[in-house]
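2 protein chains.
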Amino acid sequence: MTTSTALAHPNIAFIKYWGNRDNELRLPVNGSISMNLDGLFTKTTVTFNSSKQDSLSINNSEVKGKGLERVSYILDIVRKMANINEKAEVTSENNFPAGAGIASSAAAFAALALSASKAAGLNLSESELSKLARRGSGSASRSIPSGFVEWQMGKSEEDSFAFSIADVKHWNLVDCIAVVSSAHKKTGSTEGHAIAGTSPLQSARVADTTRRLDICRNAILKKDFETFANIIEHDSDMMHAVMMTSNPPLMYWQSATVEIFHQVREWRKNGLPVGYTVDAGANVHVLCLGEYAKEVEKRLRELNGVKDVLVAGVGGGAKII
Amino acid sequence: MTTSTALAHPNIAFIKYWGNRDNELRLPVNGSISMNLDGLFTKTTVTFNSSKQDSLSINNSEVKGKGLERVSYILDIVRKMANINEKAEVTSENNFPAGAGIASSAAAFAALALSASKAAGLNLSESELSKLARRGSGSASRSIPSGFVEWQMGKSEEDSFAFSIADVKHWNLVDCIAVVSSAHKKTGSTEGHAIAGTSPLQSARVADTTRRLDICRNAILKKDFETFANIIEHDSDMMHAVMMTSNPPLMYWQSATVEIFHQVREWRKNGLPVGYTVDAGANVHVLCLGEYAKEVEKRLRELNGVKDVLVAGVGGGAKII
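Respectively, the protein sequence lines represent chains U and Z. Residue numbers for the first sequence, in this note's numbering: 1 to 321. Residue numbers for the second sequence, in this note's numbering: 1 to 321.
FYI, nobody ran anything at the bench for these hints, they're computed from the structure. Fair warning: this is a prediction, and the values are worked out from it, not measured in the lab. Please note: incorrect hints may appear among the correct ones.
[To be verified] Below are the DSS-like pairs computed for lysine-lysine, each with C-alpha atoms no more than 30 angstroms apart in a straight line:
1) U/LYS80 with U/LYS64
2) U/LYS87 with U/LYS52
3) U/LYS307 with Z/LYS186
4) Z/LYS307 with U/LYS186
5) U/LYS222 with U/LYS169
6) U/LYS307 with Z/LYS269
7) U/LYS269 with Z/LYS307
8) U/LYS269 with Z/LYS66
9) U/LYS294 with U/LYS319
10) Z/LYS186 with U/LYS269
11) Z/LYS269 with U/LYS186
12) U/LYS307 with U/LYS269
13) U/LYS66 with Z/LYS269
14) U/LYS66 with U/LYS43
15) Z/LYS66 with Z/LYS186
16) Z/LYS307 with U/LYS307
17) Z/LYS298 with U/LYS186
Start from the sequences and build out the full structure, keeping to the hints where you can.
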């Protein structure tokens with residue numbers, strides 16, 4: 001087989017990944033937990049052929065430079081594993097709106113890891129795929145398995161991979177993503193991870209991770225929404241606390257971000273099961289039980305500064321299509 | 001002497017006080033640095049007389065309950081020091097607008113410590129007054145000395161007091177206080193200090209304090225505005241990082257608070273010498289060099305969510321009037 005197409009979903013982390021103990025291997029300083037986002041996906045086709053160099057097209061636009069280098073880095077690992085030399089043509093498309101601030105690298109590198117390894121004739125296990133995806137983008141390791149996923153930090157390169165802790169059908173959670181206007185440039189995750197250690201608070205955040213992982217994992221397994229909402233907000237705030245106190249400081253939140261925090265907590269106090277979490281950007285992921293998704297979407301759309309709301313349920317793992 | 005009137009200014013902390021190692025004695029877990037705010041003041045008159053109980057009036061309204069208890073607690077210490085038994089009539093007024101979110105307790109307890117001790121016939125030294133004021137409100141210890149002030153945490157009750165590190169005339173800094181609309185109730189500082197230790201980040205913040213104190217003190221002494229702006233923002237963000245990750249979480253920031261953060265950093269990048277700091281509330285204190293105060297006030301007034309701007313230079317210490 002020399003060509004293969006794979007699909008993968010982005011994921012939203014409930015216990016966040018922030019900072020590497022090895023930037024090259026993308027070995028994290030702490031474990032993380034996430035859920036895949038159904039409906040949103042990246043579809044990637046890899047074809048090994050007689051080209052003189054790797055090529056990359058995303059949403060029908062050719063990509064060179066750093067973007068291509070990151071892809072070739074994964075292709076090189078695959079070529080070495082498969083013992084082949086062919087260059088590859090990679091075409092990829094996302095179905096989620098550009099500039100919506102959904103971290104696309106997780107879905108992109110999960111789809112690339114699966115399609116490239118298949119196209120090279122390899123038949124990798126889920127954990128091997130997770131480790132391969134991790135090399136392109138840490139959070140991509142979590143877009144390989146299905147449903148609710150935990151990425152164990154591991155003791156070495158070998159056991160730093162993600163696995164499913166509960167299937168898609170386990171709990172009907174929905175992520176209502178409030179897309180917030182952002183007038184300010186943001187620092188990419190790769191650069192952000194590299195300076196996480198400059199915050200005087202990072203080591204305390206990391207040291208406390210087992211506690212947060214345990215609370216979050218148990219809340220998911222027991223479908224305890226109140227505990228779940230409190231821990232995801234706490235963990236998100238812990239990560240942003242580190243970001244905003246790093247050198248240089250990374251303040252990803254915008255005014256609308258903070259307004260949504262207050263609203264979400266007020267709604268929850270008044271009985272609506274909602275909780276927020278924010279990645280390395282200004283958008284707010286508002287998690288709720290499925291039966292309240294329409295109401296949450298409606299309320300978010302009424303808030304100042306909310307440009308759009310994307311709604312996604314629990315997604316499956318990366319797959320060949 | 002049985003009656004005395006004193007005046008004291010509030011202060012704005014550049015390196016923040018958050019958390020006590022002894023809540024009763026208000027012994028802080030870390031040292032702090034501040035500047036008194038000229039123009040804003042509390043004026044307090046204490047008269048020891050033959051009343052059956054202490055009474056308190058603030059801005060012509062009688063205060064009972066917890067407010068009166070906190071005042072009687074200080075009066076009891078003074079009575080013990082002076083070996084008297086008379087009850088006291090305390091009348092106090094602030095010249096800054098009610099609800100403007102300027103922490104009034106610092107000015108209030110500094111003025112009370114000075115007026116009560118004088119009225120009781122005591123002649124306390126500056127450090128003794130600072131320690132007495134501290135018992136009412138930790139930050140009040142910093143409103144006793146003049147100008148730029150450092151409160152050393154001390155090894156015991158005896159050496160936990162504040163002193164001036166630079167006089168009023170040393171550096172023409174101005175605090176432009178952006179008063180921000182707040183629809184949400186806030187938790188008072190006393191309750192906040194009590195839960196500071198529940199944040200997994202507090203011990204790391206505290207352990208890092210000497211570094212921040214040294215940078216800030218040196219920046220003030222050298223009048224190095226860029227370093228000063230960076231460290232006060234960093235320290236403010238460190239404190240709010242602890243607040244928002246405590247249990248229960250304290251999110252004092254409002255949408256306008258964060259908008260001002262971004263604006264202030266943008267202005268500084270473009271050459272305007274400004275830096276922000278935020279106390280236990282939503283208002284943003286924007287520090288600048290005196291010659292830019294008019295421009296900063298103007299720009300702040302143009303921002304959404306800014307209800308008012310108060311402008312204060314460097315203030316003197318508490319004094320008998």
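For this structure, which hints from the list above don't hold up?
none
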